[in-house]
Amino acid sequence: MKTYRETAAAVAGTMTWPGKKDEEWRRTPLSLLDPEGFARGAGEEDFDENEARPLPFGETGAHLHYAGKKLISGKMSSEEGLPEILSPALGVDRFPEEKEFFYPGEWADRFDAWNDSGATNSLFLSFPDNGILRKPFVLQLDSLSRDHYSAPRIFIRIGRGWQGKIFIVINGSGREKELVNASVRLKAGEGSNFELAEIQTLGPESRLVQHSLYDLGRDAVMTHSQFQIGASAVKTNSLFHLSGEGAELQAGAVFTSGQGQHKDLRLEQRHLAPRTSSRAMYKGAVSGRGRSVFQGMIRVEHEAPGTDAYLSNTNLIITPGARADAIPGLKILTDDVKCSHGSTTGKLDPSQLFYLMSRGISRSEAVRILTEGMFEDIISRHPELPADWLREKIAGSLEPGEI
Amino acid sequence: MNILEIKNLKAEIEGKPILRGINLTLRSGEVHAMMGPNGSGKSTLANVLMGHPDYRVTAGEALLNGENILELDIPERARLGLFLAFQYPVEIPGVTVGKFLKRSLEALRPEERVNMTEYIKELRSSMDFLEMDQNFINRNLNEGFSGGEKKRMEILQMMMMKPRFAVMDETDSGLDMDALKIVSKGINAQRDKDFGGLIITHYQRILDHVKPDHVHIMYQGEIITSGGMELIKKLEDKGYNWLNETVTAGEIREAVYG
Ligand SMILES: Nc1ncnc2c1ncn2[C@@H]1O[C@H](COP(=O)(O)OP(=O)(O)O)[C@@H](O)[C@H]1O
Ligand SMILES: [Mg+2]
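If you're matching them up, the sequences are chains A and B in order.
To convert a position in the first sequence, counted from 1, into my numbering, add 8.
To convert a position in the second sequence, counted from 1, into my numbering, add 355.
Source of the hints: derived by calculation from the structure; they are not laboratory data.
As the structure is a prediction and not an experimental result, all values here were calculated from the model.
Hints may be right or wrong, so weigh each one.
To be verified - Below, a sample of chain A positions facing chain B; criterion: calculated Cβ distance under 10 Å:
1. Thr353
2. Asp357
3. Leu361
4. Phe362
5. Leu364
6. Met365
7. Ser366
8. Arg367
9. Ile369
10. Ser370
11. Arg371
12. Ala374
13. Ile377
14. Gly381
15. Ile387
16. Glu407
Claimed, not checked - Within a straight-line C-alpha distance of at most 20 Å, the following computed EDC-like cross-link-like pairs (lysine to aspartate or glutamate) qualify:
17. Lys355(A) to Asp409(B)
18. Lys185(A) to Asp54(A)
19. Lys457(B) to Glu373(A)
20. Lys548(B) to Asp568(B)
21. Lys28(A) to Asp333(A)
22. Lys454(B) to Glu373(A)
23. Lys454(B) to Asp396(A)
Where is the CB? At the ideal position from N, CA and C, for every residue including glycine.
Using the sequences provided together with the hints, build the complete structure.
Structural data, given as structure tokens:
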């Protein structure tokens, strides 16, 4: 019998790369990601681990810092509520009822299958039932190699009633050049209540493809944010499944495309159970000749009466050569739902600029203040994030060279 | 002593002439009042001095200690010591009052390092003085503020930034009696030998609390008369119709200057 990994490889071999004919890929040419140009996975000999730097998180419950699958440092406190860290195989042995979720046996596209077949770092994090983690759990994944791919595969099982905060950072040295093909699968147990923030700060030559599936069980409450700041090209698909009655999602995103950056974020809020609610706020800013694409979809299945879903997307065009596209959509298969979605794209308000400049603030600083201000409500959802570091990264993406 | 000399200033918006040759000299130590009916060009003057990009200066100059500020960009004017209290302060989402003020003080005085302890202390005492809740420090600038709170915030900024010259555009409008007294107290606290003020107002009310040294009346883009408190009395008795009745600015000038 074939292993799961071999099956994934065989399936990947039969698939073609996604392309223009696939609606979701229409605005992102495959050449920007260049999967054929990154055919070899990054091994320990392909990078210098001394280039890895721990990011400036404050007090943490744990800070696991990997480069590839090499653990650079692993600080673990004795806090209750910390996860068991397993391999995916051990994880599903331990929790056989979750096997179908973590090993579904089908893949969304060739990148997804490739992630399973070529994973360079696989983790299964199991957060204990009824555990309460007071300080954040930080997982930092550094890319350090050049011309290799890396494929982190992160499985997260949130025990019933677990409470806490999880931060995952996909970070680069700045000099690296990797195609990061990431996959996150998260299953949240009944009544859990937690934050998950994902931050991507790869260097300017790297690219990111990411498939994510977040499944919320009965009465689970998740605040999810993603910060897509780095990399030259980003293509993500985040699927939120509200599978248990009463589940609640608050989703947010900050994405920036400065000179030479292309970001394509897709999000789906899929309601599969009664009385579930989801609110998403995706905010982007583009400058230089940067480009962003936002694809949002609210899907309410027949089994989900009483759904309350909201999706908003705001795009700020900082300089005239930049471009932001937005494609929000709704698919509602039941009655008795409250759904709304909207998208606005605009320039900076000249009267706000004038006001700030009249207080001695230079134009570029005023632009930065207004841009940060726009993102502030998402950043402030996660008070333990290193906000100043994040703001610098955001500014650096939008004004390359100035930071 | 600082001096701001506005000479034959003409400006237009969208090709429409608004200011038709303003002459006005402010010296530190003085407070001037600029009155005039709606639409006469008072806000235009304030905005042109600060450098609002919608207006085009077609003639004249504004010399701050001899330097023509009309040739400077907006932040440079602020760094030279010009301050505008806006008629309609703008909301800045996501930027707290505390953070905004710190950044602007750093921008205004790049050579000094803002001492955080001193800064917070001064900010708190200025807020106390203006009877503002300390919670405003952590609120987003002007976002959801009432009209009166916005005007107080303008005066708070003025107190913190300590400009050489402040143009206050209808800082009194929309204020109830108590708020008007507080705002006036704030302006009076600024008055000293190093500060010059231009209070733009539609009503004489505020001038009962902040006694101006000079009063000017603007009408159709010109200062048609200047004088002292007696002009205010005249307006109070006759209202702005006193101006309208007299048909054109030219005729008023004749009437006033004889
Ligand atoms: N943005 C603008 N676009 C067109 N006209 C304007 C604009 N701002 C002011 N004006 C015109 O300029 C004139 C003077 O306005 P303003 O300076 O606001 O007067 P005041 O402050 O004395 O009431 C008015 O006729 C007004 O309609
Ligand atoms: Mg006005």
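Here's how the hints hold up against the structure:
For Thr353(A), the shortest C-beta to C-beta distance to chain B is roughly 17 Å, which exceeds 10 Å, and the interface hint is violated. The criterion of a C-beta within 10 Å of any C-beta in chain B is met by Asp357(A), whose closest approach is roughly 8 Å, and the hint holds. A hinted interface residue such as Leu361(A) counts as satisfied when its beta carbon comes closer than 10 Å to some beta carbon of chain B; here the least separation is about 9 Å, so the hint holds. For Phe362(A), the interface hint holds, since its Cβ comes within 10 Å of a Cβ in chain B; the closest pair sits about 6 Å apart.
With 10 Å as the threshold, the beta carbon of Leu364(A) comes within range of chain B, its nearest partner Cβ sitting at about 7 Å, so the hint holds. Hint status for Met365(A): holds, given a least beta-carbon distance of 4 Å to chain B, under 10 Å. Interface restraint check: Ser366(A) against chain B, minimum CB-CB distance 5 Å, threshold 10 Å, status holds. Checking Arg367(A) against chain B by beta carbon gives a least distance of about 4 Å; that is within 10 Å, so the hint holds.
Satisfaction of the interface hint for Ile369(A) is found here, the shortest Cβ-Cβ separation to chain B being roughly 5 Å, below the 10 Å cut-off. Hint status for Ser370(A) relative to chain B: holds, with the closest Cβ pair at about 5 Å, below 10 Å. For Arg371(A), the shortest C-beta to C-beta distance to chain B is roughly 8 Å, which falls under 10 Å, so the interface hint holds. Checking Ala374(A) against chain B by beta carbon gives a least distance of about 8 Å; that is within 10 Å, so the hint holds.
Nearest Cβ of chain B to the Cβ of Ile377(A): about 6 Å, under the 10 Å cut. The hint holds. Using the Cβ-Cβ criterion of 10 Å, the hint placing Gly381(A) at the interface with chain B is satisfied: the shortest such distance is roughly 3 Å. Because the smallest distance between the Cβ of Ile387(A) and any Cβ of chain B comes to about 9 Å, under 10 Å, the interface hint for this residue holds. A distance limit of 10 Å between C-beta atoms decides the matter here; for Glu407(A) the minimum to chain B is near 16 Å, and the interface restraint is violated.
At roughly 17 Å between alpha-carbon atoms, Lys355(A) and Asp409(B) fall within 20 Å of each other, so this suggested pair holds. Of the supplied pair hints, the one linking Lys185(A) and Asp54(A) holds, its CA atoms being roughly 11 Å apart against a limit of 20 Å. Simply put, Lys457(B) and Glu373(A) have alpha-carbon atoms about 13 Å apart, close enough for the 20 Å limit, and the pair holds. Among the hinted pairs, Lys548(B) with Asp568(B) is consistent with the structure: their alpha-carbon atoms are about 13 Å apart, no more than 20 Å.
Taken as a hint, the Lys28(A) and Asp333(A) pair is honoured in the structure, with Cα atoms around 16 Å apart against an allowance of 20 Å. In summary, the hint linking Lys454(B) to Glu373(A) is supported, as the alpha carbons are separated by about 13 Å, within the 20 Å threshold. Between Lys454(B) and Asp396(A) the CA atoms are separated by roughly 13 Å; this keeps the pair inside 20 Å, and the hint holds.
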